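**Q** Protein chains in written order, with numbering that gives the first Met the number 0: chain F, 0 to 408; chain L, 0 to 297; chain X, 0 to 267.
Hints were generated in silico from the structure; no laboratory data involved. Quick caveat: nothing in here was measured; it's all calculated off a predicted structure. Mixed in with the good hints, there may be bad ones.
[Claimed, not checked] Below, in silico cross-link-like pairs of lysine-lysine (BS3-like), each with a Cα-Cα straight-line distance of 30 Å or less:
#1 L:K232 to F:K213
#2 F:K274 to F:K213
#3 F:K174 to F:K274
#4 F:K130 to L:K44
#5 F:K22 to X:K44
#6 F:K276 to F:K315
#7 L:K232 to F:K408
#8 F:K315 to X:K44
#9 F:K315 to F:K21
#10 L:K232 to F:K217
#11 F:K229 to F:K150
#12 L:K232 to F:K302
#13 F:K307 to X:K44
#14 L:K44 to F:K97
#15 F:K97 to F:K408
#16 F:K97 to F:K230
#17 F:K17 to F:K395
#18 F:K97 to F:K205
#19 L:K232 to L:K44
#20 F:K274 to X:K44
#21 F:K276 to X:K44
#22 L:K4 to F:K391
#23 F:K97 to L:K59
#24 F:K97 to F:K343
[Stated by the list, open to error] Chain L residues, not near chain F, derived (Cβ > 10 Å throughout):
#25 T41
#26 S87
#27 R197
#28 A227
#29 R260
#30 P284
Note that beta-carbon positions come from the ideal geometry of N, C-alpha and C, so glycine has one too.
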Amino acid sequence: MSALAVLPACSNSGGETKPDEKKVEVFSWWSGPGEAEGLDALIANFKQSNAGVEFVNAAVAGGSGTQAKQVLSDRMRNNQPPDSYQLHAGLEAADDIKAGWLEDLTGLYESNGWKSKFPAGLIEKLSISGKIYAVPVNIHRSNLMFFSPKKLAEWGIAAPAKTWTEFLAQAETLKAKNVKALSVGATWTQLHLLENVLLGELGTAKYNGLWDGKTDWKGADVVAALDTFKKILDVSVVGTDDWQPTIDKVLAGTAAYNVMGDWAAGYLQGAKALKYKDGYDVVASPGSTGVYNFLADSFTLPKNAPHKTYAEAWLKLCASPAGQDLFNPKKGSVPARLDSDKSKYTDYLGWALSQWQDTKTVVVGSLVHGVVANNSWKSEIEKAYGVFFTGKDSAKFAASVSAAYAANK
Amino acid sequence: MSKLKRRIGRWVPGLLLVSPSLVLLGVFVYGFIGWNIKISVTDWKGQLETDNYVGLFWYKQLFADETFHNDARNLLIFTLVFILGSMSVGLLLALLMDKGVRGENILRSIYLFPMGISFIATGIVWRWLLNSDPGEGTTGVNDLLGLVGVHSDWHKSDSQWAIAAIALPAGWALSGYVMALFLAGLRGIPDELREAARVDGATEFRVYWHVVRPMMYPVLMSALVILAHISLKTFDLIYAIAPLDPRTETPAIFMYLTAFRGNFYARGAAIATLLFFAIAVVIVPYIWYSIRKERTAR
Amino acid sequence: MTRIFRNLVLFAFAIFFLMPVYVLLVTAFKSPGEVDVVHMWTLPKSLSFDSFSLVWPKLQNGMVNSLMLAIPASVISSLLGAANGFVLAKWRFPGADVVFPVILFGMFIPYQAVIIPMSGLMTDIGLKGGLDGLILIHIIYGLPITTLIFRNYYIGLSEEVIEAARVDGAGMLRTFAYIALPLGLPAFAVAMIWQFTSAWNDFLFGVIMTRTEFWPVTVALNNVAGAQTVPFNQAMASAFLASIPTLLVYLLLGRFFMRGLMAGALKG
Numbered sequence: 000m001s002a003l004a005v006l007p008a009c010s011n012s013g014g015e016t017k018p019d020e021k022k023v024e025v026f027s028w029w030s031g032p033g034e035a036e037g038l039d040a041l042i043a044n045f046k047q048s049n050a051g052v053e054f055v056n057a058a059v060a061g062g063s064g065t066q067a068k069q070v071l072s073d074r075m076r077n078n079q080p081p082d083s084y085q086l087h088a089g090l091e092a093a094d095d096i097k098a099g100w101l102e103d104l105t106g107l108y109e110s111n112g113w114k115s116k117f118p119a120g121l122i123e124k125l126s127i128s129g130k131i132y133a134v135p136v137n138i139h140r141s142n143l144m145f146f147s148p149k150k151l152a153e154w155g156i157a158a159p160a161k162t163w164t165e166f167l168a169q170a171e172t173l174k175a176k177n178v179k180a181l182s183v184g185a186t187w188t189q190l191h192l193l194e195n196v197l198l199g200e201l202g203t204a205k206y207n208g209l210w211d212g213k214t215d216w217k218g219a220d221v222v223a224a225l226d227t228f229k230k231i232l233d234v235s236v237v238g239t240d241d242w243q244p245t246i247d248k249v250l251a252g253t254a255a256y257n258v259m260g261d262w263a264a265g266y267l268q269g270a271k272a273l274k275y276k277d278g279y280d281v282v283a284s285p286g287s288t289g290v291y292n293f294l295a296d297s298f299t300l301p302k303n304a305p306h307k308t309y310a311e312a313w314l315k316l317c318a319s320p321a322g323q324d325l326f327n328p329k330k331g332s333v334p335a336r337l338d339s340d341k342s343k344y345t346d347y348l349g350w351a352l353s354q355w356q357d358t359k360t361v362v363v364g365s366l367v368h369g370v371v372a373n374n375s376w377k378s379e380i381e382k383a384y385g386v387f388f389t390g391k392d393s394a395k396f397a398a399s400v401s402a403a404y405a406a407n408k
Numbered sequence: 000m001s002k003l004k005r006r007i008g009r010w011v012p013g014l015l016l017v018s019p020s021l022v023l024l025g026v027f028v029y030g031f032i033g034w035n036i037k038i039s040v041t042d043w044k045g046q047l048e049t050d051n052y053v054g055l056f057w058y059k060q061l062f063a064d065e066t067f068h069n070d071a072r073n074l075l076i077f078t079l080v081f082i083l084g085s086m087s088v089g090l091l092l093a094l095l096m097d098k099g100v101r102g103e104n105i106l107r108s109i110y111l112f113p114m115g116i117s118f119i120a121t122g123i124v125w126r127w128l129l130n131s132d133p134g135e136g137t138t139g140v141n142d143l144l145g146l147v148g149v150h151s152d153w154h155k156s157d158s159q160w161a162i163a164a165i166a167l168p169a170g171w172a173l174s175g176y177v178m179a180l181f182l183a184g185l186r187g188i189p190d191e192l193r194e195a196a197r198v199d200g201a202t203e204f205r206v207y208w209h210v211v212r213p214m215m216y217p218v219l220m221s222a223l224v225i226l227a228h229i230s231l232k233t234f235d236l237i238y239a240i241a242p243l244d245p246r247t248e249t250p251a252i253f254m255y256l257t258a259f260r261g262n263f264y265a266r267g268a269a270i271a272t273l274l275f276f277a278i279a280v281v282i283v284p285y286i287w288y289s290i291r292k293e294r295t296a297r
Numbered sequence: 000m001t002r003i004f005r006n007l008v009l010f011a012f013a014i015f016f017l018m019p020v021y022v023l024l025v026t027a028f029k030s031p032g033e034v035d036v037v038h039m040w041t042l043p044k045s046l047s048f049d050s051f052s053l054v055w056p057k058l059q060n061g062m063v064n065s066l067m068l069a070i071p072a073s074v075i076s077s078l079l080g081a082a083n084g085f086v087l088a089k090w091r092f093p094g095a096d097v098v099f100p101v102i103l104f105g106m107f108i109p110y111q112a113v114i115i116p117m118s119g120l121m122t123d124i125g126l127k128g129g130l131d132g133l134i135l136i137h138i139i140y141g142l143p144i145t146t147l148i149f150r151n152y153y154i155g156l157s158e159e160v161i162e163a164a165r166v167d168g169a170g171m172l173r174t175f176a177y178i179a180l181p182l183g184l185p186a187f188a189v190a191m192i193w194q195f196t197s198a199w200n201d202f203l204f205g206v207i208m209t210r211t212e213f214w215p216v217t218v219a220l221n222n223v224a225g226a227q228t229v230p231f232n233q234a235m236a237s238a239f240l241a242s243i244p245t246l247l248v249y250l251l252l253g254r255f256f257m258r259g260l261m262a263g264a265l266k267g
C-alpha cells in the first residue's frame, strides 16, 4: 500500500459548514441539450452578482434520474451535502424531509413575498404538512399529445381526438390506412401514458384522489380506465426505445399520435427544426383539456449546507423573474412565476404559458415525474406495472397499487 | 534450528505477503456481505437507516413476489444463453483460426476489442440494434436479417425471450476473449502429440476429439468462471438498454431499483444476500473440485 | 475450398463485431436533424466533425482523471496479484488451498450491493472524494482476478527455477522480485488488460466515491447523454473518444496478451 502514500491526499473531510469560503455547489441532473444551456445562463448571472464566488456545477444525468438520486442520497447520508440540490417538486421530497435533510423554506418564501408570485395550486402541491421545502424554477406539462397536422389531414382525420373514446374510434380509421394510432416506447413512457389515460378517463377530482387515498384503486371506474389503457396499447406501436425515437415515428407517419411531456416540443423545434402548428402540433391529451398535469424542477436548501449564504442567493436567483426568464426559454419549459416576461415565450411555449397562467386551468400533479407519490410507493407502482404489462390483469394491478399505497403512505 | 521452526520460517514470509490482500478483501468483500446480511433482517426503508429486527420478512416477501420470480427466471435464461453462446462462438473462432489465417493479428484484435468498451458507451447503439418494431419501422439487427429474408421476432416487444436478446451484446463483448483463451489453449498443445496421432492414421476429427478435446477442459473451466461472474454482475448493459423493463429485469437490476429508487434498502440487501448464496452454491463446489483435481495431479 | 470457407466465416464474424462501431461512427458524423433510428445504417450526408469538437471539452477533464486512476489501479493491482499468485503457486503455506478460493470469491460481488457500506467506510477513513480512495477500491476488487491470473500462470512455471533460487539461499521476496516477476511479464499483459478495462469503464464507484472535479470519463460520458433529451450524434462521438485509450492498451499489449494466455494464465 505504500504506493498510495505518494498520491496526493485529496479527500473530503466534509460535514462542517464553511461560511467564510466563497463557494457554492449546486447538484442537479441537468447536463443535456437545453437544460445545460439554461443552467449555464443561471450560473453566469449568479457569478455576476456574486463576484469571486466559485460555482461548482455537480450534474449527474441519466438512468431515469436514479443515478443522480443515488449519488445525492449517498452524500446526504455521509454528511457531505451540496449547498443546494435539485428535486422534482412534490412528494419526491417526502423521504428527504422525513430524514431531516431539508431546511424548511417557508420563512424564505414569506420574507420574499413569493407565496403570491406563484399560482396557489402550485404552492399547495409544493407544501408538505403546511411547510415548503423547495423553490420551483420551471414548469413542465405532462398531459400533451403530439401529432403531425399534415399527416392527420392526409388520413382524413379532421381534428385530434378529444377523448380516449374518440381516440379509439379514430384508431379504427387509421388501422384501415395501415397506421398505428399511437407510439409508445420504454417502460417509463408507458407509465407516462398511463397517468394521462387515468387523468383523461377519471377526471381531475378522481385523479387527485388516486394519490391521497380518496379514490379507491380497486373501484370499478379505475379498473375500467386501466382496461381502456390496455385497448390503447393494442392499437399502438409499442417499442423499447426512449421517447425521442418513439416520437420520430409520428414524424415518419408510422403512428398518428404520441403522448409526451413538453420537452418534446423543444426537441421537435430544435433538433428536428419543425415549425409549431405546421411541422408538428400539440393538444392536451384526450380528456384533459383545461388541465395542466405539471411537474416542476426545484431547488432545495439541505441542512448543514456548507455555504448557506450563497445557497440562499442561488435560491433567490432561481425564484426571481429574471432567473426564471433566463432559464426557461432555453430549457423549453415555462416559468412557475406569474409575473414573468411573456414576450420571451413563443410558439408552443407561448401557448403553454397562457394556459399555465390562466386562472381557469386546473393544476394536477404527475406520478412519473415525482409530484404525487413518494419514492417508495412510486417504485412499487413501477414494479407492479411490470407484472401488469406482461400479465395484462387490470384488477390485480389495481390491487397491488392499492396495497402498496397502504404500506408506503 | 528445529525442523518445525525451519518450516515455519519458510512459509511465514509467504503468508505475510498475502495477508494485506486478505485483510482488504476480508473487509471489502466479506465484511460487506456481512453488512448485507445484517441489513436484510432489519426494517430499513426510507432514507434514514433503522435497525429494528424483522427476521426473514423480506425473504418471505421476495419468495412470494412475482417480480422476483420473473427476474430469477430472466437471469437463468440470460446466463445460459450468454455462456453457451459465447462459448460456442469463441470455440468456433478459435478452431477456425488455429491453423493460421492471413491477417490473424487484425482479426484477433477485432474480436477482442469489444471487451474494452463500456456499455455506458455502446448502450444506445445496442438499444437501436435490438429495436423490435414490427413492419416498416424495423431497424437494427432485424433489418439485416430482413435482407436475407428472415424477419425474426425473437426479440419482439411482447416476447418472453427478450432477455435472450440481451445476451447478444454481452456475447459480442466477451466471445472474443473466450476465443483468445481457446486459441491459446490450442496453440499450447505440443505439435508432436497431434502428429503422433496422425501417424497412427487418425482422421483430423479424431485427432481433435481424442487428443485436443481432453486437453481443453482446463481452459473451458476458466472460461466458465469468467463468463459466470460477468453474467451475474451484468448490470450496466441491461440498465442502458432497457431500464425498468420487466422482460429484461434481473435480480441485480431489481436490487438496484428497489434500493436506490424506492429506498427499500433492507429488501435490496435481501436480494443481494440471495445472490451471494446462489453464487456460492455454484462456485464453491467448482473451486473445491478443481483444487482437489490439481492436487491429485501433482 | 475449406480454406476459403474458413476465411469467409471469420470475415463474417469480423463484420458482426464491427457492426456497432459502424453505427457509432456514422451517427457521430451526422447532424442532429439527420439522426434517426430508422436510418441508422445510412451514411451521413456530409462529413462533419462538429460533434467531436463539441464534446471534447466536456470529456477532457474526465479523460485525465480516468488515466490518473486506471494506470495506478491496474499496475498496483497486478503487482499485488502477482505476489499472491506466486505465493499460492510456489511458496505455499498451510491453508493456501483455502486462501485461494476465499480470494477468488470476491470476483463475484455485485458492486451495487456494496456501495452503501463502502461509502460509509471510505468516509470514516477519510478517503472519500479524491482519486486515491477510488484507486484503492479498484485495486481491491481487482485482486481476485489478478491473483487468479498469476496463480495459474506461476503453477506452470518449472519448480527447478524456484528450487535453484532457494538453494542459492534467496529468500521469498528476492525469488519473487528477481525470478518470478520478470518471468511473469506475459501474465502482466493479461492482468493489465483486465484491470485497465474495468477501471476505465467503471461508472458507479467513480460517481459515488469522488468529488465533481475527480469524476472519471464515464461520468462525463453519461452526462453528454443528458437527463431528458439525448443528442445522439454527440453521445456517440463521445463514446468513441472515450474508448480510444482502452483500444490503445489492447493494441499495445495485444501481442503479450496472447503470449500470456498461451503460457497458462487463466487456465482453470
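**Q** Hint check: K232 of chain L vs K213 of chain F, CA-CA at most 30 Å. Holds or violated?
**A** 43 Å, violated
**Q** Would you say R260 of chain L is clear of chain F, with no C-beta pair closer than or equal to 10 Å?
**A** Since the minimum Cβ distance to chain F is about 5 Å, R260 of chain L lies within 10 Å and the statement is violated.
**Q** Has the given pair, K97 of chain F with K408 of chain F, been kept, meaning a C-alpha gap of at most 30 Å?
**A** 12 Å, holds
**Q** Looking at A227 of chain L again, its CB stays over 10 Å from all of chain F?
**A** Since the minimum Cβ distance to chain F is about 26 Å, A227 of chain L lies beyond 10 Å and the statement holds.
**Q** Please work out if K274 of chain F and K44 of chain X have their alpha carbons no farther apart than 30 Å.
**A** Cα-Cα ~23 Å, so holds.
**Q** Holds or violated: K232 of chain L with K217 of chain F, Cα cutoff 30 Å?
**A** 38 Å, violated
**Q** With the threshold set at 30 Å, check whether the alpha-carbon distance from K130 of chain F to K44 of chain L stays at or below it.
**A** Roughly 23 Å between the alpha carbons, so the hint for K130 of chain F and K44 of chain L holds.
**Q** Would the hint linking K174 of chain F and K274 of chain F be met if the CA-CA limit is 30 Å?
**A** 27 Å, holds
**Q** Taken at face value, is the distance from the CA of K150 of chain F to the CA of K229 of chain F at most 30 Å?
**A** Answer holds: K229 of chain F to K150 of chain F is near 25 Å, not above 30 Å.
**Q** Would T41 of chain L pass as off the interface with chain F, using Cβ distances and a cut of 10 Å?
**A** 15 Å, holds
**Q** Decide, holds or violated, for the assertion that all CB atoms of chain F are farther than 10 Å from the CB of S87 of chain L.
**A** 27 Å, holds
**Q** Straight-line Cα separation of K276 of chain F and K315 of chain F no greater than 30 Å?
**A** Roughly 36 Å separates the two Cα atoms, so the pair is violated.
In this structure, the hints that do not hold are numbers 1, 2, 5, 6, 7, 8, 10, 12, 13, 16, 17, 22, 24, 29, in rising order.
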